[in-house]
Amino acid sequence: QVQLVESGGGLVQPGGSLRLSCAASGSIFGIAAMGWYRQAPGKQRELVAIITSSGNTNYADSVKGRFTISGDAKNTVSLQMNNLKPEDTAVYYCNAVRFGTDAWGKGTLVTVSS
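Position 56, counted from 1, in the sequence shown is what our numbering calls 42; the numbers after and before it change by one each time, with no gaps.
Honestly, the hints are just simulated from the structure, not real lab data.
Be aware that one or more of the hints could be misleading.
DSS-like mimics (lysine-lysine), calculated; alpha carbons at most 25 Å apart, straight line [what the hints assert, rightly or not]: (1) K29 <-> K60; (2) K92 <-> K60; (3) K50 <-> K60; (4) K29 <-> K71.
None of these values were measured; they are calculated from a predicted model.
Please put together the full structure from these sequences, using the hints given.
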């Protein structure tokens, strides 16, 4: 079983930056990809960015050019978020895919507000 712990959320003004980090522990052998999802109040959880263990990345259109995902995608992943907008406000969840099964962190709240 994989355990994921996120850190780095908080309150930031529009136009500001935050960096989220996630560390995996437990049965990390076989993790093929790690990424970030977010869920805003009243909305479904959506993909923000993902990185595979081979280094391939994919981003939601809404964050392209503003967010950057990095990490080895085997036990660590980070998300650098720049030029944050109020619509980026959400709980951000770390995700890991291992042998076709998803593992999730508990989430960290990001609030973008003046």
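Here is what the structure says about each hint:
1. Between K29 and K60 the CA atoms are separated by roughly 29 Å; this puts the pair beyond 25 Å, and the hint is violated.
2. Of the supplied pair hints, the one linking K92 and K60 holds, its CA atoms being roughly 19 Å apart against a limit of 25 Å.
3. The suggested pairing of K50 with K60 holds, with an alpha-carbon distance near 23 Å, which does not exceed 25 Å.
4. At roughly 17 Å between alpha-carbon atoms, K29 and K71 fall within 25 Å of each other, so this suggested pair holds.
Going through the hint list in order, the structure does not satisfy hint 1, though it satisfies all others.
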